[in-house]
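*Asks:* What the sequence shown shows, in the working numbering, is residues 1 to 170, in sequence order.
For the record, the hints were derived by calculation from the structure and aren't laboratory data.
Zero decoy hints are in this set.
Restraint ranges, calculated between C-beta atoms of paired labels, are given here: (1) V158 with T129: 17 to 25 Å; (2) K16 with V67: 28 to 36 Å; (3) T100 with N50: 35 to 43 Å; (4) S79 with Q3: 16 to 24 Å; (5) G15 with D68: 32 to 40 Å; (6) A139 with G19: 42 to 50 Å; (7) T131 with V158: 14 to 22 Å; (8) V158 with Q3: 34 to 42 Å; (9) I126 with G18: 47 to 55 Å; (10) G18 with A137: 39 to 47 Å; (11) D148 with S4: 30 to 38 Å; (12) D20 with V158: 53 to 61 Å; (13) L6 with S79: 20 to 28 Å; (14) G8 with G46: 22 to 30 Å.
Each computed DSS-like pair below joins lysine-lysine, with the alpha-carbon atoms no more than 30 Å apart: (15) K61 with K120; (16) K47 with K61; (17) K63 with K47; (18) K128 with K61.
Just so you know, these numbers come straight off a predicted model, no measurement behind them.
For every residue, glycine included, the Cβ atom is placed at its ideal position computed from N, Cα and C.
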Amino acid sequence: YTQSILPGRTVSTFGKSGGDLNDPALHLNVGTTATANLYNYTLSFGKNINVSDDTNVQGQKIKILGVDYVIGASSTNSSLYLYGAGESISMAGGESTTVTIQGTEHTVDFVGATATTTAKIALDGISKTVTKGSSYAFAGDVNVYVKDVTYQAYAGGVQSIDLIIGANTL
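Required output: the full structure, derived from the provided sequences and hints.
*Replies:* Structure (structure tokens):
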């Protein structure tokens with residue numbers, strides 16, 4: 001994929017920005033009034049992507065404007081759901097960890113996996129049954145995206161979960 005940014009109604013200027021800079025620099029003069037078209041960002045795929053492919057597409061990273069996002073399972077041919085800009089964590093069954101999102105600490109508990117795509121987690125004591133590839137809102141405006149669930153259905157089988165806490169949706 002390719003990304004491009006084109007300036008909108010701005011003027012490219014080489015100077016000290018009215019004395020705000022010590023040395024001259026290339027900058028965009030946007031004026032003092034609000035404009036509806038400061039810039040135009042475009043992301044283009046070189047070919048069609050199969051968003052229903054839960055191995056090679058769903059759960060894979062894409063970097064947009066320097067920020068990593070994960071392609072969500074709810075994506076369709078007309079809408080691409082991306083989750084990211086949060087803290088990525090991996091946990092084994094029964095583990096608990098603390099994450100800091102926007103200056104606030106949150107406790108995340110992985111209660112356990114219940115199937116190959118579902119698990120039970122708790123955030124700050126509020127538990128939910130979650131599904132791989134989906135996003136969930138918790139109290140305090142904290143979104144959690146479930147990137148992956150591992151479940152082996154036998155005694156002593158491996159259980160793990162990969163989450164993005166504070167997952168913004170794009």
